[in-house]
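There are 2 protein chains.
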Amino acid sequence: MSKPVVGIVSPGDMGAAIGAVTRDAGLDVVACLSGRGPLTRSRAKEAGIRDVESLDELVSVADLMLSVLVPAEAVGVSELLAASMSRTGAKPVVADCNAVAPATAGRICNAITAAGAAFVDAGIIGPPPRKGSSATRIYCSGPDCAPLLALNAFGLDVRQVGSAVGQASGLKMVFAASTKGTTALWTELLVAARSLGLDDALAAEFALGRGDLAQRLIGQIPGMPRRAHRWIGEMEEIATTFADVGLTPRILLGAADVYRLVGETPLADQTSRQPDPPLDTILATLVDALKVPREDATAARDG
Amino acid sequence: MSKPVVGIVSPGDMGAAIGAVTRDAGLDVVACLSGRGPLTRSRAKEAGIRDVESLDELVSVADLMLSVLVPAEAVGVSELLAASMSRTGAKPVVADCNAVAPATAGRICNAITAAGAAFVDAGIIGPPPRKGSSATRIYCSGPDCAPLLALNAFGLDVRQVGSAVGQASGLKMVFAASTKGTTALWTELLVAARSLGLDDALAAEFALGRGDLAQRLIGQIPGMPRRAHRWIGEMEEIATTFADVGLTPRILLGAADVYRLVGETPLADQTSRQPDPPLDTILATLVDALKVPREDATAARDG
Numbered sequence: 068m069s070k071p072v073v074g075i076v077s078p079g080d081m082g083a084a085i086g087a088v089t090r091d092a093g094l095d096v097v098a099c100l101s102g103r104g105p106l107t108r109s110r111a112k113e114a115g116i117r118d119v120e121s122l123d124e125l126v127s128v129a130d131l132m133l134s135v136l137v138p139a140e141a142v143g144v145s146e147l148l149a150a151s152m153s154r155t156g157a158k159p160v161v162a163d164c165n166a167v168a169p170a171t172a173g174r175i176c177n178a179i180t181a182a183g184a185a186f187v188d189a190g191i192i193g194p195p196p197r198k199g200s201s202a203t204r205i206y207c208s209g210p211d212c213a214p215l216l217a218l219n220a221f222g223l224d225v226r227q228v229g230s231a232v233g234q235a236s237g238l239k240m241v242f243a244a245s246t247k248g249t250t251a252l253w254t255e256l257l258v259a260a261r262s263l264g265l266d267d268a269l270a271a272e273f274a275l276g277r278g279d280l281a282q283r284l285i286g287q288i289p290g291m292p293r294r295a296h297r298w299i300g301e302m303e304e305i306a307t308t309f310a311d312v313g314l315t316p317r318i319l320l321g322a323a324d325v326y327r328l329v330g331e332t333p334l335a336d337q338t339s340r341q342p343d344p345p346l347d348t349i350l351a352t353l354v355d356a357l358k359v360p361r362e363d364a365t366a367a368r369d370g
Numbered sequence: 068m069s070k071p072v073v074g075i076v077s078p079g080d081m082g083a084a085i086g087a088v089t090r091d092a093g094l095d096v097v098a099c100l101s102g103r104g105p106l107t108r109s110r111a112k113e114a115g116i117r118d119v120e121s122l123d124e125l126v127s128v129a130d131l132m133l134s135v136l137v138p139a140e141a142v143g144v145s146e147l148l149a150a151s152m153s154r155t156g157a158k159p160v161v162a163d164c165n166a167v168a169p170a171t172a173g174r175i176c177n178a179i180t181a182a183g184a185a186f187v188d189a190g191i192i193g194p195p196p197r198k199g200s201s202a203t204r205i206y207c208s209g210p211d212c213a214p215l216l217a218l219n220a221f222g223l224d225v226r227q228v229g230s231a232v233g234q235a236s237g238l239k240m241v242f243a244a245s246t247k248g249t250t251a252l253w254t255e256l257l258v259a260a261r262s263l264g265l266d267d268a269l270a271a272e273f274a275l276g277r278g279d280l281a282q283r284l285i286g287q288i289p290g291m292p293r294r295a296h297r298w299i300g301e302m303e304e305i306a307t308t309f310a311d312v313g314l315t316p317r318i319l320l321g322a323a324d325v326y327r328l329v330g331e332t333p334l335a336d337q338t339s340r341q342p343d344p345p346l347d348t349i350l351a352t353l354v355d356a357l358k359v360p361r362e363d364a365t366a367a368r369d370g
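Protein sequences appear in the order of chains Z and B. The opening residue of the first sequence carries number 68 in my numbering; numbering runs sequentially from there. The opening residue of the second sequence carries number 68 in my numbering; numbering runs sequentially from there.
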């Protein structure tokens, strides 16, 4: 496995970028694009990812499978992978790179190892990787991380964070809470300020004390709307992570609510190839979206 | 009213500091300390606050009453003030300086104006004021803020934010969400990281990208535990504020949960005259406090 064949489910923004980097570094990168839309297909083609006919063919040719999905799909796809491995007898190492709770990673691990394959827990921190950039880390944990660590020789930055399944996912969860959780809170409070006609007063107060800090946190908001759909499930996985150690899930369930609100507006339909909308547009759009009848708001408050 | 007599309910950390500053600037500052503990009495004495026998005497001698309380007491005390004014016929201007939702400020306004007195909505941002420091702003709103703005001539920094009752409270709410809400989230995620054995990994990841930002936000945590009790009700008032404009209350209700957790530990028993505990002690104490049986955590998560 000195030059592993890498299989990717599924090559979205992140998966295709990982494919492109490892392909550029000389690896054969494979995916199964049947049923996928034209954007995914063109992105995969640009990345040099080889298309195969079926999931069964994919697990048969791959030495290492990377699962790179929205959190809500992670468990279901791991079951499809396990079924495919049982059918074909192929046993590629499976690395789950999704933003899921440690407990969810444990369930995925069980599905994969029950099918006889080795499992690596992983969590990606940073933007989709690009050749020559060092902004993206793939953390991993588990009893044998060597198959994923091997990708360090092929353009990626992979770091082991422990020997137990769940640790890499846990690190992704607490880190994402610090970034996306904070962005949800600040989005909400700016929408509230706008809704109450207090934007200018709040900006003036920020400028008196913590203006640069506020600007940096607010600066995270414009890049958020096009990711809002994806982040709903991620916030829910963090809520589960916190609840599983005895902490309140409510902050992160509220963050999921904020991303659900954003996700229901046209703001969420932008792609990463379009410029981010200005903050002002985002706030105005979200205030318009707050057409909740007062009774519902009261029920939500008391619930 | 060129030298108004200022009445304060009640002279805790914040109220006593406001009393001390205005007293130093030449005003007669009055409170009713009957039934209050030795700490409150000594603090009031140090501040030069004059003690009167009863609430009725207080409203009778004061030109301007400042209500400076924990949020949960604000409505009840406004009703006591209204009853006292009805009994005595005294009608001092009442400024509610508490961290309450605009709707709560509206209820307080109704109680006060029904008793025939003028009302000013106010919200304090910053630490207890000190002579020569410019770190504290008292924002106010309402149809006639002049009686409170008059304190600008007596050592305080009072700024009008609008002509409607609720705007000053609203500004306090969105600002407090940005500070105390963020601190609750970061406390929670650091406790989760500690609980999962991921502190070092998280610190290393922060150091790679947003180390200074993380340090500034984490730096807010040590000063929090002794305020945690007070902040529970404040987070709930912000949750109400957000729900009232149609936004999710859950982020801030979760923040209240975090401060409830902190408030149940010995960390919350420190006074402002003791040094803040180190972050490490705070995290270790909170991880120890997470003795919630798994079933409860699951129920909380699904609830």
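Keep in mind that the hints were calculated from the coordinates and are not lab data. A virtual CB, placed ideally from N, CA and C, is assigned to each residue, including glycine. Watch out, some of these pointers could steer you wrong.
Just the calculated beta-carbon pair ranges, DEER-fashion [stated by the list, open to error]:
id : chain 1 : residue 1 : chain 2 : residue 2 : range
1  : B       : Ala274    : Z       : Pro194    : 38 to 44 Å
2  : Z       : Ala92     : B       : Ala274    : 24 to 30 Å
3  : B       : Asp211    : Z       : Asp267    : 37 to 43 Å
4  : Z       : Lys112    : B       : Ala274    : 36 to 42 Å
5  : Z       : Thr338    : B       : Ala92     : 57 to 63 Å
6  : B       : Leu216    : Z       : Gly278    : 35 to 41 Å
7  : B       : Gly278    : Z       : Ala170    : 27 to 33 Å
Okay, the hints, checked on the actual structure:
Range check, B:Ala274 to Z:Pro194: about 18 Å between beta-carbon atoms, so the 38 to 44 Å window is missed. Range check, Z:Ala92 to B:Ala274: Cβ separation about 27 Å, and the 24 to 30 Å hint holds. The supplied range of 37 to 43 Å is broken by B:Asp211 and Z:Asp267, whose beta-carbon atoms lie about 22 Å from each other. Between Z:Lys112 and B:Ala274 the beta carbons are some 38 Å apart, a value that agrees with the proposed interval 36 to 42 Å.
For the pair Z:Thr338 and B:Ala92, the supplied restraint of 57 to 63 Å holds, since their beta-carbon distance comes to about 59 Å. Between B:Leu216 and Z:Gly278 the beta carbons are some 25 Å apart, a value that contradicts the proposed interval 35 to 41 Å. Our hint of 27 to 33 Å for B:Gly278 and Z:Ala170 holds, since their Cβ atoms are close to 29 Å apart.
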